[in-house]
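Enquirer: So the protein sequences, as listed, match chains L and V.
Counting from 1, one number per residue, gives the positions in the first sequence under my numbering.
Counting from 1001, one number per residue, gives the positions in the second sequence under my numbering.
There may be inaccurate statements among the hints.
No more than 20 angstroms apart at the CA atoms, straight line, and that leaves these computed lysine to aspartate or glutamate pairs for EDC-like [unchecked claim]:
no.: 1; chain 1: V; residue 1: K1336; chain 2: V; residue 2: E1260
no.: 2; chain 1: L; residue 1: K185; chain 2: V; residue 2: E1054
no.: 3; chain 1: L; residue 1: K225; chain 2: L; residue 2: E249
no.: 4; chain 1: L; residue 1: K185; chain 2: V; residue 2: E1104
no.: 5; chain 1: V; residue 1: K1331; chain 2: V; residue 2: E1275
no.: 6; chain 1: V; residue 1: K1089; chain 2: V; residue 2: E1054
Think of the hints as simulated: they come from the structure by calculation, not from any bench.
Since the model is a prediction, treat every value here as computed from it, not as a measurement.
What follows is each chain in one-letter form.
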Amino acid sequence: MTAGPGWSETVVELADVKLHLARAGSGRPLLVLHHDIGSPDQLAFYDELASRFEVLVPHHPGYGKSERPEWLRSVRDVAVIYQWLLSHLGVERASLIGLGFGGWIAAEMATMAPREFHRLVLVGAMGLKPPQGDIFDQAIVSYLDYARAGLHNQEAFAKIYGDVTTDQLVEWDLCREMCFRIAWKPYMYSQTLPRLLGGVRAPALVVWGDDDKIVPRSAGEHYAKLLPQARLEIVRGCGHCVEMEQPGELATLVSGFIDEN
Amino acid sequence: MFVMYFTEQPMSTYPANIGLEVGHTALMFSNKHFDPVAGSRLYNEYLEHYIYAEEQGVEGFMLNEHHNAPFCMQAKCNIFASILAAVTKKAKIVLLGNPLPLAENPVRLAEELAMIDMISKGRLVPGIVRGGGQESLAAGVNPAYNRERFQEAHDLIVAAWTRQGPFRWEGTHYQHRVVNPWAVPLQKPYPRIWVPGVLSQETIIWAAKQRYPYIALNTSIEATKKIWELYDKVALETGYEAGPENRGYLQQVHVSDSEEKAEKNARQFLWMQGEFTGLAHPVWSNPSGYFSPALRRNFVEFAVGRAESPRGRPTFEQQVADGRVFFGTPKTVIPKLRHVLEETRPSIYGLWGNDGSVSNEDARTCIRLLGQEVMPAMREIGKELGLTDPFEADAPVHLRYSTDLKQMPQAAE
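Turn these sequences into a full structure, and let the hints steer you where they fit.
Expert: Now the structure itself:
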């Protein structure tokens, strides 16, 4: 499986990592950071964004088609690699679109370089200890049960994954192993990030599915409070993977926000 | 031939029906089902068993530990080892073992083991394990670095035992400003380390490179032979010839004064529905990063319920037919044990005598018959077959103490 028409795929080498990168479109640059279970090669959400913007979708180091760097041991390391990627590609004033676990990486990036980014979009983002509830721990459940828990409507699961192949299960296991390697404890959040979000200068849009079973909505409310210029949008009839369940609605929200003056 | 007595120390009074209803009897099986009154009785019964075993001629106790599960009550093998060090006189205390990756401070482990070695007057065999996947989850220790931590903790413990302190340790998982434990082991250069295992080839290879005896846990004769093939090959590549002194085996064997009673009690070996460590979700037993990458493809299918367990779920009859469970009177069991000894030639043999809800009286009968009849017969067979154990052979404690290497050691660091 590869990315769809209009997409190019390359491998970028930096920090002893071979990073898989899919690109499409033109316009304002968006760096889209995927979930902890990797990303399907094609998503309607990616295509909709690419019709208006220059979209970059890397596979995180150790996930999907990007090989695992044995040395990499923290989510902040991933954030630094992506800063490096953007400067390597000469991309200026990118906007960050972080999906779930990718939202944590995006938030870390925004705190590292407060003035670098045009907009920050966090969708069901991990990274903060939810004030109420806990982040759903994949270590306790099977790969299928975890992926399914990301969706409110299981028809969306069938549409995206079909009959789940052994290759897909293997990929989920590799993704899970990488999550453990970099985010085992505390699980999927940083204890210091809440203290650092106040420095972010990019306006932020925080989006949450109203039935997110992976990251409690209280974490979204917390992000919206801690980021200086942020608003929270709730998507109805939707789980954690908003880009899979409500791609049109999310793309509209994101596009409007990127183009706001 | 060195023969030792083993039991998982089962928490036999837990409500098995509830375990079957919720579908698991480990990790997440609520400890509201633990009964400390029964626990107190059982811990003391098990201690009495070891003391009784020594009186009946048993020359070694094998101890282990597990967490969050009724199949094994021993949460810290060093605790029973400490008690037995003080209250027994001659039997060796074999730990198989301390789960090293779970240790946040291996230097403390080195101190505890040194104390037990001194209190027991040099009877300790401080074996080491990676710990099961569920142990990682129960302890909150990263399964993806389990092997790294196992090896580094081992290196640090051996350094703490053999290098004069103080020294500094700057490792990947462990950093210590001052390593200088006051207590060091009585046995020199250090107490013998044995390594048990069942599945991963990596552990067999690692043990062979260290020249540590590997203890195959309840594997079939054919699987055991494959383990020795691999061990022997790695030993040759490392520069020595492996023999019986490198080989250990753990066998489920219940003896009684009648065949009928023996069979009834032997069925208790399957009291956890045939699962060694209780019913558990596959991803608890094998969290991502814990198992061999070579097993990944088969495992993921099993983990989502689309394939059978790679270990299988053999019935009692099948396990008896495979020679993994023996039962009978000493007279009928000894020839079966002779067959295993002839076929696989180990010099270290653990007899896992009692499990599940075998009564205290029947457990003691089993121990008496093992100590008085089965073990002496095995030692005779061992002599006849030339199964010299590491103590008799005065085998090097580690590769680096070898005097017979055919080439430079590659893995002694």
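Enquirer: If you draw a straight line from the CA of L/K225 to the CA of L/E249, is it 20 angstroms or shorter?
Expert: violated, 23 angstroms
Enquirer: Does V/E1275 lie within 20 angstroms of V/K1331 when you go C-alpha to C-alpha?
Expert: violated, 29 angstroms
Enquirer: Is the Cα-Cα distance between L/K185 and V/E1104 20 angstroms or less?
Expert: holds, 14 angstroms
Enquirer: Is V/K1089 close enough to V/E1054, meaning Cα to Cα at most 20 angstroms?
Expert: With a Cα-Cα distance of about 8 angstroms, the restraint between V/K1089 and V/E1054 holds, given a limit of 20 angstroms.
Enquirer: Just to be careful, I want the Cα atoms of L/K185 and V/E1054 compared with a cutoff of 20 angstroms; is the pair within it?
Expert: violated, 44 angstroms
Enquirer: Holds or violated: V/K1336 and V/E1260, Cα atoms, limit 20 angstroms.
Expert: Satisfied, since the Cα-Cα distance of roughly 17 angstroms is no more than 20 angstroms.
The earlier numbered hints that this structure contradicts are 2, 3, 5.
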